[in-house]
Amino acid sequence: MILKSTYNELIKILAKPRSYIGFGALTLLIGVILIAMKADGENFISFVTASFEQSLSFNGDILNGNLMAFIILQMLIIHVPLLVALVTGDLVSGEAAMGTLRMMATKPISRNAILGSKFLAGAIYTFLLTLWMAFMAYGVGQWMFGTGDLIVLNNDGLVIIPADDIAWRYIYGFALAYLSLLSIATMSICFSVFSDNSIGPIVSTMAVIILFTIIGSLDVPSFNNVQPFLLTTHMASWRSLFEIPVPISDILNSICILLAHILGFTGIALWKFNKKDITT
Amino acid sequence: MLSLIQADAGEISLFGKPLKNNRSEILSNIGSIIEKPDFYKYLSAYKNLELLARISGSSVSKSALYDILEFVGLHGREKHKFKTFSHGMKQRLGIAQALMHDPDLIILDEPTTGLDPQGIVDIRNLILKLSQEQGKTVILSSHQLSEIEMIANRMVIINKGRTIIEGRVDELLNTSKMVVRFQVDDPSRAVKLIEKDFHSVQGVSTDNRELEFEIEKMEIADVAESFVKNGLRIYGIEQKRKLEDYFIKMIAEV
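Order-wise, the sequence lines are chains A and B.
Quick note on numbering: my numbering labels position 118 of the first sequence as 217, and the sequence is numbered without any gaps.
Quick note on numbering: my numbering labels position 235 of the second sequence as 236, and the sequence is numbered without any gaps.
No lab work stands behind these hints, which were simulated from the structure alone.
Worth double-checking, as some hints may not be accurate.
[As the list claims (entries may be wrong)] Calculated lysine to aspartate or glutamate pairs in the EDC-like style (CA-CA distance at most 16 Å, straight line): (1) Lys178(B) x Glu217(B); (2) Lys375(A) x Asp9(B); (3) Lys130(B) x Asp105(B); (4) Lys241(B) x Glu213(B); (5) Lys374(A) x Asp9(B); (6) Lys178(B) x Asp223(B); (7) Lys178(B) x Asp246(B); (8) Lys178(B) x Glu215(B); (9) Lys103(A) x Glu51(B).
[What the hints assert, rightly or not] If the Cβ cut is set under 8 Å, some of the chain A residues that face chain B in the computed set are: (10) Ile110; (11) Lys374; (12) Asp376.
A virtual CB, placed ideally from N, CA and C, is assigned to each residue, including glycine.
Taking the hints into account, I'd like the entire structure generated from these sequences.
Following this line, the structure appears as structure tokens:
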């Protein structure tokens with residue numbers, strides 16, 4: 100039953116115009132960045148590398164597809180959650196507002212299966228959105244700018260990664276980005292269970308991300324204890340894949356914390372949804 | 002009964018089985034509309050039914066879906082989006098989704114709310130057809146007492162969550178007797194005639210040019226004949242619905 104219901108959920112997602120906003124926005128944003136960098140990227144790179152030119156000499160094509168994918172992923176990882184929440188935050192509350200949740204709940208399908216299918220459909224949608232982001236950032240970036248070594252500025256300084264050592268990092272990088280977005284998706288679905296309108300869960304999700312980002316960036320002693328457990332702290336964990344050597348334990352820690360958030364939000368949502376009186 | 006809200010106390014049994022432990026099995030044998038039927042407005046009538054059929058617990062074929070849409074009078078509108086439907090059409094689609102998996106029990110909560118007079122007649126006829134031709138059990142919840150009186154065999158009056166009375170409609174309302182209202186030119190003379198010739202008549206009351214009384218159904222024609230023979234002019238005879246009075250009386254007694 101859960102598979103049939105998941106199929107239904109995907110049909111509903113595909114039929115809703117708002118589901119395409121994310122794909123449209125990503126295409127537009129990444130397209131604009133790529134075109135702008137194609138037109139004026141050399142100046143941008145000169146500006147960034149100017150401070151190193153006294154001690155380092157750069158030869159070759161720094162402005163390449165690998166750098167573009169890195170820049171885009173870094174720029175968008177904070178903004179894509181809004182595009183995810185736009186769809187996943189509506190999965191339960193949107194149906195409650197429309198009255199269709201009540202219709203579904205009168206059918207011989209358990210509440211766990213109803214919500215489980217929404218989580219699965221939300222996860223598939225998030226995966227497709229991440230895949231599209233990967234295609235636009237990495238695929239189109241490679242096509243427009245070609246390949247080359249990747250120079251990344253980290254806390255420890257400049258890291259230069261050879262071109263043939265990059266693809267696997269992006270595969271895992273986008274997988275980690277997917278895990279981050281999946282935790283956002285489960286959070287918005289969880290909020291959606293508590294609400295009977297679509298706007299509330301979407302705005303709440305963004306408010307939590309903004310709040311956590313602020314807490315995570317403030318160097319206040321009282322925040323230091325919570326920062327390692329915040330969702331947003333680990334949303335940038337994909338960057339660790341572009342360090343040499345790769346800090347495996349840090350990445351595993353981030354994966355565990357993101358999974359804990361996913362399980363936590365799922366558990367809360369299932370508990371609430373099973374207790375909920377569906378009156379609209 | 003549809004497990005939409007949590008029970009405070011007690012247990013619900015349907016088809017001889019407790020709902021709590023047999024929810025899926027029981028719900029697969031129930032079709033329902035709760036107030037207004039809500040569907041996905043961005044999907045067509047057929048697509049909406051197809052989605053719900055997939056989780057109805059029975060396998061419903063494509064042709065069965067088209068048949069049920071035809072049965073409720075939505076033939077030709079299958080591919081139209083739900084958002085383009087009138088209230089009456091939405092109600093019909095609601096009935097279609099309640100019937101598509103051929104359940105034994107159909108629960109209709111206020112199925113005629115917001116419908117125009119023709120829509121109300123259509124839904125009433127559809128319910129009677131389901132009960133009389135297809136042998137379905139229909140539980141109808143309504144504040145339209147005249148509808149209940151016309152459709153139902155049995156009724157339960159519930160006030161503030163408590164059952165006040167339960168039984169066969171004809172027995173509770175004693176439908177062999179009915180309240181009628183005569184409009185005549187001289188009500189006081191009409192009252193005298195009734196009191197003289199019709200001893201079974203009860204509760205006679207007059208108001209300007211009208212008189213109202215309770216009488217055996219078979220005697221209405223005799224009363225009218227008597228009035229005419231005695232030179233009274235009859236301007237109208239109207240049957241008054243009894244359930245409304247009965248309901249008000251029952252509620253007042255609580």
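Against the structure, the hints come out as follows:
{"no.": "1", "hint": "Lys178(B) x Glu217(B)", "in the structure": "holds, 4 Å"}
{"no.": "2", "hint": "Lys375(A) x Asp9(B)", "in the structure": "holds, 13 Å"}
{"no.": "3", "hint": "Lys130(B) x Asp105(B)", "in the structure": "holds, 14 Å"}
{"no.": "4", "hint": "Lys241(B) x Glu213(B)", "in the structure": "holds, 9 Å"}
{"no.": "5", "hint": "Lys374(A) x Asp9(B)", "in the structure": "holds, 12 Å"}
{"no.": "6", "hint": "Lys178(B) x Asp223(B)", "in the structure": "holds, 14 Å"}
{"no.": "7", "hint": "Lys178(B) x Asp246(B)", "in the structure": "holds, 14 Å"}
{"no.": "8", "hint": "Lys178(B) x Glu215(B)", "in the structure": "holds, 7 Å"}
{"no.": "9", "hint": "Lys103(A) x Glu51(B)", "in the structure": "holds, 11 Å"}
{"no.": "10", "hint": "Ile110", "in the structure": "holds, 7 Å"}
{"no.": "11", "hint": "Lys374", "in the structure": "holds, 7 Å"}
{"no.": "12", "hint": "Asp376", "in the structure": "holds, 4 Å"}
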